[in-house]
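Line order of the protein sequences matches chains A and B. Here UniProt numbering is used: the first residue of the first sequence is 1, the next is one more, and so on. Here UniProt numbering is used: the first residue of the second sequence is 1, the next is one more, and so on.
There are no misleading hints in this set.
Straight-line distance between alpha carbons at most 30 angstroms, and here's what the computed DSBU-like set of lysine-lysine pairs gives:
| no. | chain 1 | residue 1 | chain 2 | residue 2 |
| --- | --- | --- | --- | --- |
| 1 | A | LYS34 | B | LYS204 |
| 2 | A | LYS45 | B | LYS110 |
| 3 | B | LYS107 | A | LYS29 |
| 4 | A | LYS51 | B | LYS110 |
| 5 | A | LYS34 | B | LYS291 |
| 6 | B | LYS86 | B | LYS118 |
Simulated from the structure, these hints should not be mistaken for laboratory data.
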Amino acid sequence: MKDIVVFSGVSHPNLTERICRDLSLERGKVELKKFSNGETAVTIKDSVREKDVFIVQSGCGHVNDNFIQLLVMISACKTSSAKRVTAVLPFFPYSRQSDAPYNHKGSPLTSTKKSEYTFDSIPSTPRPMSRSDFTTSGSTAAQNNIINNNTNPSLVKSTYQPKQIATNASSVGSKGFLSITGYKSWNAQSGTLIANLLTCAGADQIITMDLHDPQYQGFFDIPFDNLYSKPLLQHYIQQYIPNYKDAVVVSPDSGGAKRATAIADNLGMSFALIHKERRHKVDTPSLTAQAINSLEQEDKLVAKSQKLIATTMLVGDVTDKVCILIDDLVDTSYTITRASKLLKDQGASYVYAIVTHGIFSGDAIRRIKQSNIDKLISTNTVPQEEHVKELGDMLEVLDVSRLFGEAIRRIHNGESVSMLFDHGW
Amino acid sequence: MTVDKTPNHIKLLAGNSHLELAQKIAYVLDATLCKVYVNQTTNRESAVTIGESIRDEDVYIVQTGCGGDAINDYLMELLILIHACKSASARRITAIIPNFFYARQDKKDKSRAPITAKLIANLLTTAGCNHVITLDLHASQIQGFFNIPVDNLYAEPNVLSYIKENIINKSPNEIIIVSPDAGGAKRAASIADKLDKSFALIHKERAKPNEVSKMVLVGDVTGKTCIIVDDMADTCGTLCKATNLLLEEGKAKEVIGIVTHGIFSGTGITRINNSNMSKLVCTNSLPLTEKLKESNKIEILDISGLLAEAIRRLHNGESVSYLFTNAVD
Numbered sequence: 001m002k003d004i005v006v007f008s009g010v011s012h013p014n015l016t017e018r019i020c021r022d023l024s025l026e027r028g029k030v031e032l033k034k035f036s037n038g039e040t041a042v043t044i045k046d047s048v049r050e051k052d053v054f055i056v057q058s059g060c061g062h063v064n065d066n067f068i069q070l071l072v073m074i075s076a077c078k079t080s081s082a083k084r085v086t087a088v089l090p091f092f093p094y095s096r097q098s099d100a101p102y103n104h105k106g107s108p109l110t111s112t113k114k115s116e117y118t119f120d121s122i123p124s125t126p127r128p129m130s131r132s133d134f135t136t137s138g139s140t141a142a143q144n145n146i147i148n149n150n151t152n153p154s155l156v157k158s159t160y161q162p163k164q165i166a167t168n169a170s171s172v173g174s175k176g177f178l179s180i181t182g183y184k185s186w187n188a189q190s191g192t193l194i195a196n197l198l199t200c201a202g203a204d205q206i207i208t209m210d211l212h213d214p215q216y217q218g219f220f221d222i223p224f225d226n227l228y229s230k231p232l233l234q235h236y237i238q239q240y241i242p243n244y245k246d247a248v249v250v251s252p253d254s255g256g257a258k259r260a261t262a263i264a265d266n267l268g269m270s271f272a273l274i275h276k277e278r279r280h281k282v283d284t285p286s287l288t289a290q291a292i293n294s295l296e297q298e299d300k301l302v303a304k305s306q307k308l309i310a311t312t313m314l315v316g317d318v319t320d321k322v323c324i325l326i327d328d329l330v331d332t333s334y335t336i337t338r339a340s341k342l343l344k345d346q347g348a349s350y351v352y353a354i355v356t357h358g359i360f361s362g363d364a365i366r367r368i369k370q371s372n373i374d375k376l377i378s379t380n381t382v383p384q385e386e387h388v389k390e391l392g393d394m395l396e397v398l399d400v401s402r403l404f405g406e407a408i409r410r411i412h413n414g415e416s417v418s419m420l421f422d423h424g425w
Numbered sequence: 001m002t003v004d005k006t007p008n009h010i011k012l013l014a015g016n017s018h019l020e021l022a023q024k025i026a027y028v029l030d031a032t033l034c035k036v037y038v039n040q041t042t043n044r045e046s047a048v049t050i051g052e053s054i055r056d057e058d059v060y061i062v063q064t065g066c067g068g069d070a071i072n073d074y075l076m077e078l079l080i081l082i083h084a085c086k087s088a089s090a091r092r093i094t095a096i097i098p099n100f101f102y103a104r105q106d107k108k109d110k111s112r113a114p115i116t117a118k119l120i121a122n123l124l125t126t127a128g129c130n131h132v133i134t135l136d137l138h139a140s141q142i143q144g145f146f147n148i149p150v151d152n153l154y155a156e157p158n159v160l161s162y163i164k165e166n167i168i169n170k171s172p173n174e175i176i177i178v179s180p181d182a183g184g185a186k187r188a189a190s191i192a193d194k195l196d197k198s199f200a201l202i203h204k205e206r207a208k209p210n211e212v213s214k215m216v217l218v219g220d221v222t223g224k225t226c227i228i229v230d231d232m233a234d235t236c237g238t239l240c241k242a243t244n245l246l247l248e249e250g251k252a253k254e255v256i257g258i259v260t261h262g263i264f265s266g267t268g269i270t271r272i273n274n275s276n277m278s279k280l281v282c283t284n285s286l287p288l289t290e291k292l293k294e295s296n297k298i299e300i301l302d303i304s305g306l307l308a309e310a311i312r313r314l315h316n317g318e319s320v321s322y323l324f325t326n327a328v329d
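Hey, can you work out the whole structure from these sequences and the hints?
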């Protein structure tokens, strides 16, 4: 193929290598490093003038770093007179938009001590790095006021006495915004922003796979190809699951019902749904003693009166059947491990979990190890090498590189991509 | 933008990069910081929640380019904060970025090199930023990358008053202002002129970024107190080599460094500690509390007053140029 260059970001070089092999191409040479102050440095080594450029970067690992790197690469190619720049994002960053308010840990979930890990424990959330000052309360941070360290009297602002209510996140406390009445916290919904940033950097086209929200496509004003892993997953079910016709396809939540029914219909299989009642109020505290201890004194009352727990129920019959859980992404694995437990409780004989994007952040791997999932199948839209190492035979990885390779080939040659939607590759 | 005469208020928001500076600005403005949660989800995406109404308010977001590995996290935080405020119907959004992100990647110095500073300017505008306040841009031309107003403030007035009060009054020796490279000559010469002091220049041939090579001293510094003026101290290679050159070849008495942005990446702090520089003064445009513990040579020049005054003037629609020539405590 002429006039085509495929570059890889740092997130998933392995996938790019496979895509390039599929296209019989050399991977484009690009130098990716960081300056000593942490800023992203990109040098494109191959000429891109009047070329058709594809940049592969998945939304995994250090997401923000990788995303900014992608933007810098797009911009570098664009300013170097590339004819067209296509961003290939196998897993699209910021594709989930939370509608529940984030808590003080940044996630709609709360955290518990890692040492006391149980099956039902909730994943912890990492904080941004070098945040020592942020974890202390606002007033303490300000009392260690750096000006006071100064020996020079003229520089000391002696009257400087910070107010007690320095109301940034650190000082709001773990109680969060519960005390604020009459205002619903405004969540950042980054979808449009991410779309605009990509367009702004100079991307002419986007290729991605199995977007969490199909509406996301509408945020873009540029051509946007959303590939489907469905053919791949169906192929796996048909080839590797014995007597698959007798198995039940299960959607772990109502949001994924459409995705799961599509596969069930195509293969003529029966279908079940797990319905999650997210915000169910109970009167008595169902917290363990330790969980209460970890909460601050002031939170106890709040925790007692407003504890929200999720209850799940199964719609459909799975007794003595092989179940195939289908979801588009597994991040904390909270949903899918809960679902598998429910299925086994209801008498399922074997549980497969098939997902497109296996992100497995936080405690996910440990949760899966302890869960009732017998076999986990994920595609390699994000690197799975580490996960395979930890989970061993339990995890099987489907390769999406041929699908992406074929999409790139067709887009480059100006052919239709829609054939890939139905038949896969 | 349509002119709306109904009064609104300053809403000050802070990202995670420099909470302390934001708190100081809030103190000077007699305001409180808005309730915002800026955090990360388990898969390391940034998550923002705004806990109070900012509808039709004048929003100021403080975030500075720092943090090593987290610098892109802070950048994304800023973009998401801006976008969140915009979608929450803020009347005007001003980003306060004392140390501008990617300010040194401002030109296509070799084939296919990205002009990342321009990209950042576009990203900020795209996210919905209406105004940018920054401090001592590495190259003031970066202002031209924006299609929105940029107020590039100068630490110079504060630096001048510091030199007058703390160096000239106390030093028995003659003072000379030194620029460690040709690029900073204009900045240093301007300070020398305003203090009515003599001026020297160090010319260097740079092999690679972040590495310093041969240096030549232009001017006589024998027996004088040298004040090296620069816009940033990053790996501190330049500063330390310049110090040695001034002391050994120039026979200077003492060397004091004054920089606006103390980035101190890599072994920067160790280099300063091991150098013969008697002290290094930098503004708190970046968080330095941790660095202060590692070095007793670093002194802080507070610029929260300057930023707060700029915010006040911007909010009230007053001229900002007063701040270019007058120091604000």
